[in-house]
Amino acid sequence: MPKGVLVIGVGGAGRGVLNFLKKSLEDDMGSPDEAGVVLLGIDGPREDQYLIHGYQIDTQTTSKEFYPLKMNPRDQIDARKRGYSVPYFDQWLSVEAARRTPTTDTDPTEGLGGVRPVGRGVAFLEATGLRRAISEAFSRARGYAGEGTKMHTFIVGSFSGGAGAGTLIDIAHITRHCIGPDEWL
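The numbering of the sequence shown is the numbering used here, which starts it at 486 and goes up by one.
It cannot be assumed that every hint is accurate.
Unchecked claim - With a straight-line cut-off of 20 Å between C-alpha atoms, the simulated EDC-like cross-links for lysine to aspartate or glutamate are:
1. Lys555 to Asp590
2. Lys635 to Glu668
3. Lys555 to Asp543
4. Lys488 to Asp512
5. Lys555 to Asp655
6. Lys635 to Glu519
7. Lys635 to Asp518
8. Lys566 to Asp590
9. Lys508 to Glu532
10. Lys488 to Asp667
11. Lys488 to Asp513
12. Lys488 to Glu550
13. Lys549 to Glu532
14. Lys549 to Glu511
15. Lys488 to Glu519
16. Lys635 to Asp667
What the hints assert, rightly or not - Restraint-style ranges between C-beta atoms, simulated for each label pair:
17. Ser516 to Arg567: 45 to 55 Å
18. His662 to Asp575: 18 to 28 Å
19. Gly628 to Glu581: 40 to 50 Å
20. Glu581 to Phe644: 19 to 29 Å
21. Arg567 to Pro487: 50 to 60 Å
22. Trp669 to Asp512: 24 to 34 Å
23. Thr589 to Ser624: 31 to 41 Å
24. His662 to Pro572: 13 to 23 Å
25. Pro666 to Glu595: 29 to 39 Å
26. Arg531 to Thr613: 15 to 25 Å
Please keep in mind that the hints were generated in silico from the structure rather than gathered at the bench. We treat Cβ as the ideally placed atom computed from N, Cα and C, and that holds for glycine.
Starting from the given sequences, assemble the full structure and let the hints guide the process.
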């Protein structure tokens with residue numbers, strides 16, 4: 486396996502892949518660090534639904550393997566439901582779509598319940614933090630690869646959930662911006 490690999494897992498499914506990958510890297514190589522692989526999970530809940538033999542990425546507050554989605558787009562979506570203009574949200578969330586989007590039980594720290602517009606709203610609200618976390622993860626992976634070596638960056642997730650489906654494309658765009666056009670994504 487080449488050194489200098491960044492794997493970003495988005496939402497519950499992407500995070501499940503990271504859990505499996507981390508366990509495999511620890512079993513086969515000793516640790517992701519020894520393999521030259523950087524893992525970054527982006528999701529809401531700290532506790533995971535896809536544990537591999539009770540194993541998961543580090544989700545502690547100081548973890549570099551996990552970016553917790555916390556900002557709630559409820560107010561922005563509710564404003565769109567009432568026909569108000571909301572910066573950035575106007576570009577992708579019509580009043581009709583907002584009216585079909587449930588927000589009463591919306592809490593990113595508990596998961597997004599498979600509601601794609603809520604996930605996308607979270608991505609817009611968290612864009613600055615996401616960019617910082619992805620840039621830092623890329624820099625760590627770049628340290629394993631060395632200068633002049635092309636990096637490998639993978640993004641895994643699902644198009645059928647809330648966090649994954651709602652944020653996957655936006656996270657891919659943020660990642661492309663962070664890593665530059667010459668790296669492999």
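Structure-based check of all given hints:
| no. | hint | verdict |
| --- | --- | --- |
| 1 | Lys555 to Asp590 | holds, 14 Å |
| 2 | Lys635 to Glu668 | holds, 6 Å |
| 3 | Lys555 to Asp543 | holds, 17 Å |
| 4 | Lys488 to Asp512 | holds, 17 Å |
| 5 | Lys555 to Asp655 | holds, 17 Å |
| 6 | Lys635 to Glu519 | holds, 19 Å |
| 7 | Lys635 to Asp518 | holds, 18 Å |
| 8 | Lys566 to Asp590 | holds, 16 Å |
| 9 | Lys508 to Glu532 | holds, 16 Å |
| 10 | Lys488 to Asp667 | holds, 17 Å |
| 11 | Lys488 to Asp513 | holds, 15 Å |
| 12 | Lys488 to Glu550 | holds, 17 Å |
| 13 | Lys549 to Glu532 | holds, 16 Å |
| 14 | Lys549 to Glu511 | holds, 17 Å |
| 15 | Lys488 to Glu519 | holds, 9 Å |
| 16 | Lys635 to Asp667 | holds, 8 Å |
| 17 | Ser516 to Arg567: 45 to 55 Å | holds, 51 Å |
| 18 | His662 to Asp575: 18 to 28 Å | holds, 22 Å |
| 19 | Gly628 to Glu581: 40 to 50 Å | holds, 47 Å |
| 20 | Glu581 to Phe644: 19 to 29 Å | holds, 22 Å |
| 21 | Arg567 to Pro487: 50 to 60 Å | holds, 51 Å |
| 22 | Trp669 to Asp512: 24 to 34 Å | holds, 26 Å |
| 23 | Thr589 to Ser624: 31 to 41 Å | holds, 40 Å |
| 24 | His662 to Pro572: 13 to 23 Å | holds, 19 Å |
| 25 | Pro666 to Glu595: 29 to 39 Å | holds, 37 Å |
| 26 | Arg531 to Thr613: 15 to 25 Å | holds, 21 Å |
In this structure, every one of the numbered hints holds.
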